[in-house]
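Colleague: First to last, the protein sequences are chains U and L.
Just so you know, we're using my numbering here: the first sequence kicks off at 1360 and counts up by one.
Just so you know, we're using my numbering here: the second sequence kicks off at 7 and counts up by one.
For the record, the hints were derived by calculation from the structure and aren't laboratory data.
Even for Gly, the Cβ is constructed at its ideal location relative to N, Cα and C.
There could be a bad hint or two in this list.
[Unchecked claim] Derived Cβ-Cβ restraints for the label pairs, each shown as a range:
1. L:Q234 / U:K1418: 47 to 53 Å
2. U:E1395 / L:E84: 38 to 44 Å
3. U:K1418 / L:E214: 23 to 29 Å
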Amino acid sequence: MADSKKSNWHLYEVFIRSKNGMAHKHAGSVHAQDAETAILSARDLYTRRGEASSLWIIKSSDIIASDPSEAGELYDPSDDKIYRHSTFYTVPDGVKNM
Amino acid sequence: MPKKPETVYMLRLADNALILGQRLSEMCGHGPEMELDMAMTNMSLDLIGQAKLLFEHILTWEDLAPNADVLAMTRPLEQYSNCLLVAQPNVDFAHIMLRQYLFSSMQKFQYEALLRSSDKTLAAIAEKSLKEIAYHIRFAKSWVLRLGDGTDESRARMSDALESLWRFTGEMFANDAGLSDAVAAGLSTNFALIYGDWKLEVKSVLSEAGGLTPPPDTRMIMGGHQGQHDENLGHILSDMQFMQLSYPGLNW
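Turn these sequences into a full structure, and let the hints steer you where they fit.
Modeller: Shown next, in the form of structure tokens:
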């Protein structure tokens, strides 16, 4: 019953940019029938306290995500590459600006 | 009771916002979806915020009550001057959205007529409110279109709502003494002259919403601005006034 009632409702992911120059960040999701309702609902749910200057929404089904079961092979190899962090390097004496 | 033309007219605006805000607040926790529940309570808060600014401003014009809460919450029924439309019940989601669309699309013209008011504070309240009103129109209109042009059932419900609510629309544009005195005082321009434009705009949206047409304008029901209300406002007031009358001066 609940499924048939909601068969035309889609899940959308909501991204908020707090101010100009910042990146849009994932804030959560909304159920909606179409893009217009999704953006209105996202506005109503996620921007009540002055959080936003811009909103993006995208159908959750359109997001291509990495496979959690592959997390090991994808991300673990970077754990021991400490030389990829700038903190690995010491700044030589006499360098004034980096 | 207000005596000045300015306060008579501003009280009407304040009561419209307060009563519709109260009506929408009844839907808190009862929306068909969480997203729509939030949308209705957000609109409710916008309207109650508008009412608060107006009640507070009215008291700077005329000493009608010790504070805005007393003015808003403790008058007898016949001293409320909201239009009849805003007190109509939340029959179903179609009624709620159509009521909102009919009211907000009127309120836009009504508040635009205040932008060059001789009362600068009122003009500023109108300017702030117009941003909220633009959103209310966008939201409610999208649902009038979606339900009117949707399934057989949603169209039937929107059609019933139109049949039931249209007769209260004429009052909102009535060129009565309250409005013409406010115009004479320089408080507002005569927005009743825009009635024809409003009807054209609304009828075009209704026609897009599955070809809905309003009933003829011959039997418009009026009286709310003069304090002659139907039973709906009594039910609202018994809920809304209970706390302030039982515990005068109560604060959160």
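Colleague: None of the hints should be skipped; say for each whether it holds.
Modeller: Here's how the hints hold up against the structure:
1. L:Q234 / U:K1418: 47 to 53 Å: Distance hint for Q234 (chain L), K1418 (chain U) holds at roughly 51 Å.
2. U:E1395 / L:E84: 38 to 44 Å: holds (42 Å)
3. U:K1418 / L:E214: 23 to 29 Å: About 26 Å separates the Cβ atoms of K1418 (chain U) and E214 (chain L), which means 23 to 29 Å holds.
In summary, this structure violates none of the numbered hints.
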